[in-house]
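**Student:** This is what each chain is made of:
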Amino acid sequence: MAKLTFKTDNCKGCGLCIDACPKQVLALAKDKINKKGHHPVEAVNPENCIGCAFCATMCPDCIITVER
Amino acid sequence: MVVFEKPKALADVQMHYCPGCTHGIVHRLVAEVIDELGIEGKTIGIAPVGCSVMAYNYFNCDMIEAAHGRAPAVATGVKRSDPENHIVFTYQGDGDLASIGMAETVHSAARNENITVIFINNAIYGMTGGQMAPTSLPGQVTQTSPYGRDTDACGFPIRVCEMLSTLDGPEYLERVTVNNVKNVKNAKKAIKKAFQNQIDGKGFSLVEVVSSCPTNWGMTPQDALKWIDEKMLPYYPLGVYKDRSAEKEEK
Amino acid sequence: MSDKVLMKGNEAIAEAAIIAGCRHYFGYPITPQTEVAAYMAKRMPKIGGTFLQAESEIAAINMVYGVASTGKRVMTSSSSPGISLKGEGLSYLAGADLPSLVINVQRGGPGLGGIQPSQSDYFQATKGAAHGDFHMLVLAPSSVQEMADLTVKGFDLADKYRMTAMVLADGTMGQMMEPVSLDYEIGEPIEKPWATTGTKMERPHNIVNSLFLEPDVLEKSNFERYERYSYIEENECMYEEYMMDDAEICVTAFGIAARVSKNAINEARKKGIKVGLIRPITLWPFPKAPYKKAADKVKEIISVELSMGQMIEDVRLASECKVPVTLCNRVGGMIPTPEQVLEAIEKAAKGGNK
Chain A
1 MAKLTFKTDN
11 CKGCGLCIDA
21 CPKQVLALAK
31 DKINKKGHHP
41 VEAVNPENCI
51 GCAFCATMCP
61 DCIITVER
Chain B
1001 MVVFEKPKAL
1011 ADVQMHYCPG
1021 CTHGIVHRLV
1031 AEVIDELGIE
1041 GKTIGIAPVG
1051 CSVMAYNYFN
1061 CDMIEAAHGR
1071 APAVATGVKR
1081 SDPENHIVFT
1091 YQGDGDLASI
1101 GMAETVHSAA
1111 RNENITVIFI
1121 NNAIYGMTGG
1131 QMAPTSLPGQ
1141 VTQTSPYGRD
1151 TDACGFPIRV
1161 CEMLSTLDGP
1171 EYLERVTVNN
1181 VKNVKNAKKA
1191 IKKAFQNQID
1201 GKGFSLVEVV
1211 SSCPTNWGMT
1221 PQDALKWIDE
1231 KMLPYYPLGV
1241 YKDRSAEKEE
1251 K
Chain C
2001 MSDKVLMKGN
2011 EAIAEAAIIA
2021 GCRHYFGYPI
2031 TPQTEVAAYM
2041 AKRMPKIGGT
2051 FLQAESEIAA
2061 INMVYGVAST
2071 GKRVMTSSSS
2081 PGISLKGEGL
2091 SYLAGADLPS
2101 LVINVQRGGP
2111 GLGGIQPSQS
2121 DYFQATKGAA
2131 HGDFHMLVLA
2141 PSSVQEMADL
2151 TVKGFDLADK
2161 YRMTAMVLAD
2171 GTMGQMMEPV
2181 SLDYEIGEPI
2191 EKPWATTGTK
2201 MERPHNIVNS
2211 LFLEPDVLEK
2221 SNFERYERYS
2231 YIEENECMYE
2241 EYMMDDAEIC
2251 VTAFGIAARV
2261 SKNAINEARK
2271 KGIKVGLIRP
2281 ITLWPFPKAP
2291 YKKAADKVKE
2301 IISVELSMGQ
2311 MIEDVRLASE
2321 CKVPVTLCNR
2331 VGGMIPTPEQ
2341 VLEAIEKAAK
2351 GGNK
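Residue numbers (the working numbering), protein chains in the order written: chain A, 1 to 68; chain B, 1001 to 1251; chain C, 2001 to 2354.
Simulated from the structure, these hints should not be mistaken for lab results.
Be aware that a few hints might be false.
What the hints assert, rightly or not - Quick list of the computed label-pair ranges, beta carbon to beta carbon: (1) 1038/B - 2123/C: 47 to 55 Å; (2) 32/A - 1226/B: 24 to 32 Å; (3) 2053/C - 1083/B: 12 to 20 Å.
To be verified - List time: in silico DSS-like cross-link candidates among lysine-lysine, alpha-carbon distance up to 27 Å: (4) 2262/C - 2200/C; (5) 2200/C - 1202/B; (6) 1231/B - 7/A; (7) 3/A - 1202/B; (8) 1185/B - 23/A; (9) 2293/C - 2322/C; (10) 2220/C - 2192/C; (11) 1008/B - 35/A; (12) 1192/B - 1008/B; (13) 1192/B - 2200/C; (14) 23/A - 3/A; (15) 1231/B - 3/A; (16) 7/A - 23/A; (17) 2354/C - 2292/C; (18) 1182/B - 1231/B; (19) 1008/B - 36/A; (20) 1226/B - 1192/B; (21) 2347/C - 2292/C; (22) 1202/B - 2274/C; (23) 3/A - 36/A; (24) 1202/B - 1251/B; (25) 2274/C - 2350/C; (26) 2274/C - 2220/C; (27) 1226/B - 1182/B; (28) 2350/C - 2297/C; (29) 1182/B - 7/A; (30) 2354/C - 2270/C; (31) 1226/B - 30/A; (32) 1189/B - 2200/C; (33) 2200/C - 1008/B; (34) 2354/C - 2297/C; (35) 2262/C - 2274/C; (36) 3/A - 1251/B; (37) 7/A - 1008/B; (38) 23/A - 1226/B; (39) 23/A - 1182/B; (40) 2274/C - 2297/C.
Glycine residues also receive a C-beta, built at the ideal position from the N, C-alpha and C atoms.
Let the sequences and hints guide you as you build the complete structure.
**Tutor:** This is the structure in C-alpha cells:
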C-alpha cells in the first residue's frame, strides 16, 4: 500500500488533487480548518491509494509527499 | 520509497497564489528540472512584475526581480556576464512578456539569446485584479473589457509562439498546458528541454504554459481547468512551434 | 609621466572604462554620444568583452541591471532623450542598490530637441531621474582628460557606494579633441557578496530586488540609503576654485560653461575686476562649502549655464541667499560666449545684474 503525507497547513483546499485521483482516495476535511482558514485535503480512503502521485502532480502548493 | 516530494530547488515556504492557481504547478516543474539537471548552484532566475513577482522567494537559486517586461533584457545581462557559468531563466506572465515587454521578448528571441523563458499565458492580468491582457480571448469579460473583449476596439489576442516562430533566431518554442496530469508531464518535458538547450549552448528557448486564473476568471479551480480545454486551447493550440536542432537533424 | 594621446571626449570615456575593468557595454545609437558605442563595438570583441546594441535604451539599462546584479563593472551611454527612457532602470538600480556607470552626453531639449550641446538635464541627473527617493553620483567633466578621469572615478564610487554614477557631459565635451593621459592605477575589484552569480550550493540564495510590500521595511531601506547619501555628501564633494582668494564677484559653472567662464574671468582680471570661479565637479553631492564661504565675501554670484537656470537653485541654497545669484545663459544648443559672460561680470562689478 502507498502512503500519502500532507503538509496540511499549506493546503488551500482547491481540490485539484481530489479530481486527479483515480481511486477516490481524497476529500476535503469539512470538519477541519487549517492555519490559513481552508478546509484541507485528507485521505478518506487511504487503503485504496496506489501511489500514482497524480494528486501531487496536480497540487499547486506542493503539499503532498507520496511513498510506495 | 519516496515517489513524489517537493523538489529541493523549490523553497520551503507557502506561496501566495490563490487556491487552484497553476503558477504553483509550473514553479514546481521548473524546480524539478533544476534538480534533475543538477544546476541549482549556477542558476539565476529572473522574476517579472505580475502575480509571480515574488517568485524570487520561491526558488532556492539566486534570483533577481526585474522591472515590468524587462526580464529578457536583465537575463541577457546576467547571461553575458558569464556565459559558461550562468544558467538563466525568466518567468513571465502574459502582460509582462507580450505587452509591456514585447520588444525585449522579440529581440532576445531574434538574437537567439541563450536563455530559458517560461511564459505563463492565463489571458488576464492577475495581480492587479483581472484586467484585459494581450492574450485575453475575443469576447472575454475582464475588469477593463466589462462587455467582453471587443476586437474592433482593442484588437486581437497575440499568439506568441506562432509570432516568434516567424523569426530565424529562436532555437525552441513550444506551447504546453498544465490542466491535467498528462499535460503536466508534457509541460515538464518541454521545460526540461528548454533548460537542456541552454546547457548545450543552443539558444533561446521559450515554453508557453497555458494556465488558469480561477479567481479572475470567476470560476472554481476545476472549471478553470475545463475552460482551458474548451476556450483557451482552440485559440492557443498546443505543440512545438520551432525546434531548430530537430529541424536540422531531419534535413 | 606617461604619453598623451589625442582623443575625442566620447572615445576617452570608452577607453577609460575599459582600463577601469568594464567588459560589458550596452547602448542604443543617439547623437551626440554614438562614438562611445562605436569605440566599444571595435574594442570589446578584441578583449573578450561584450558590446551589444540593444533594441532600445530601456533594454540597454536593463541589461546593465543584469550585469550589475552579477557584480561586474558595466556601463551604458546615451544622450538626453535616451536618458529619459533609461529613467525606469535608474530607479530600479537605485532600489536594488546596484553599482553601474551611465554616461549622458547632453543635447538640447525638451522633447526631441536638437543635437547641439546643453546642460538642461541637470535637474534630471541630480534630483529627478525617475520615481522614488534616490540619488545618483553625478560627475561633470570640463575637459577630455576629465571625461576619462571621472569615468574611472565613477566606477570606483559606484562600487564603493552601490549606486549608479552618471558622467554628465555635453555635446561639446563628447566631440572635442584634446591630449589625454590614460595612466591609471586600478585597484583590485571590491568584494560583492550580494551578487547573484549562482549559489554554487555553498550559501543561501541572493536576491536582487527593489520590492518591499511592507511599508515599514520599505521605509527602513530608504532611511538606510539616505544615511549612505549623507555620508557621501560629507566625504565625496569635488570642486575647483579658480582665483577665488580675493574675488569680489563669483562666477560658477560646470562643464563647457566653466571653460567659457574661465576665459571671461581672465579677461575681466586684465581689466582689474576681482572675479573668480567655483566649478563643481560633483553635481550630486553638490559642494555647498565653497559657496557658503564665497557668500560672506562676494557681492554677486553669476551662474553660467546652458539651461534656463537649473544649477542656480542649488547655488542659491548653498549660498543661503546671502548675495544675489544671477543667471547668464544660452539654451537650445547655443553656448554662452566669453564676451557674454564678461559683460555679466562687468555689470556685477558696476552694481549688479538684474
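**Student:** Taking the hints in turn, state whether each one holds.
**Tutor:** Checked hints:
1. 1038/B - 2123/C: 47 to 55 Å: holds, 51 Å
2. 32/A - 1226/B: 24 to 32 Å: About 28 Å separates the Cβ atoms of residue 32/A and residue 1226/B, which means 24 to 32 Å holds.
3. 2053/C - 1083/B: 12 to 20 Å: holds, 18 Å
4. 2262/C - 2200/C: Since the Cα atoms of residue 2262/C and residue 2200/C sit roughly 56 Å apart, the hinted pair is violated (cutoff 27 Å).
5. 2200/C - 1202/B: holds, 23 Å
6. 1231/B - 7/A: With a Cα-Cα distance of about 33 Å, the restraint between residue 1231/B and residue 7/A is violated, given a limit of 27 Å.
7. 3/A - 1202/B: violated, 41 Å
8. 1185/B - 23/A: holds, 20 Å
9. 2293/C - 2322/C: Holds, because 11 Å separates the two Cα atoms, which is no more than 27 Å.
10. 2220/C - 2192/C: holds, 22 Å
11. 1008/B - 35/A: holds, 24 Å
12. 1192/B - 1008/B: The given pair, whose Cα atoms are some 16 Å apart, holds under the 27 Å limit.
13. 1192/B - 2200/C: holds, 20 Å
14. 23/A - 3/A: holds, 14 Å
15. 1231/B - 3/A: Answer violated: residue 1231/B to residue 3/A is near 37 Å, above 27 Å.
16. 7/A - 23/A: This hinted pair holds, its Cα atoms lying about 21 Å apart.
17. 2354/C - 2292/C: Holds. Residue 2354/C to residue 2292/C sits at ~22 Å (cutoff 27 Å).
18. 1182/B - 1231/B: holds, 19 Å
19. 1008/B - 36/A: Since the Cα atoms of residue 1008/B and residue 36/A sit roughly 24 Å apart, the hinted pair holds (cutoff 27 Å).
20. 1226/B - 1192/B: Roughly 26 Å separates the two Cα atoms, so the pair holds.
21. 2347/C - 2292/C: holds, 23 Å
22. 1202/B - 2274/C: Distance of about 70 Å is beyond 27 Å: violated.
23. 3/A - 36/A: holds, 25 Å
24. 1202/B - 1251/B: Cα-Cα ~18 Å, so holds.
25. 2274/C - 2350/C: holds, 12 Å
26. 2274/C - 2220/C: violated, 49 Å
27. 1226/B - 1182/B: Distance ~14 Å between residue 1226/B and residue 1182/B Cα, so the pair holds.
28. 2350/C - 2297/C: Holds, at roughly 16 Å.
29. 1182/B - 7/A: Holds, at roughly 24 Å.
30. 2354/C - 2270/C: It holds: about 24 Å lies between the C-alpha atoms, which stays within 27 Å.
31. 1226/B - 30/A: holds, 25 Å
32. 1189/B - 2200/C: Between residue 1189/B and residue 2200/C the Cα gap is close to 25 Å, so the pair holds against 27 Å.
33. 2200/C - 1008/B: holds, 14 Å
34. 2354/C - 2297/C: holds, 20 Å
35. 2262/C - 2274/C: holds, 13 Å
36. 3/A - 1251/B: Answer violated: residue 3/A to residue 1251/B is near 49 Å, above 27 Å.
37. 7/A - 1008/B: Given pair residue 7/A, residue 1008/B holds - Cα atoms ~16 Å apart, limit 27 Å.
38. 23/A - 1226/B: holds, 21 Å
39. 23/A - 1182/B: holds, 17 Å
40. 2274/C - 2297/C: holds, 12 Å
The structure fails hints 4, 6, 7, 15, 22, 26, 36 (numbered hints given earlier, in ascending order).
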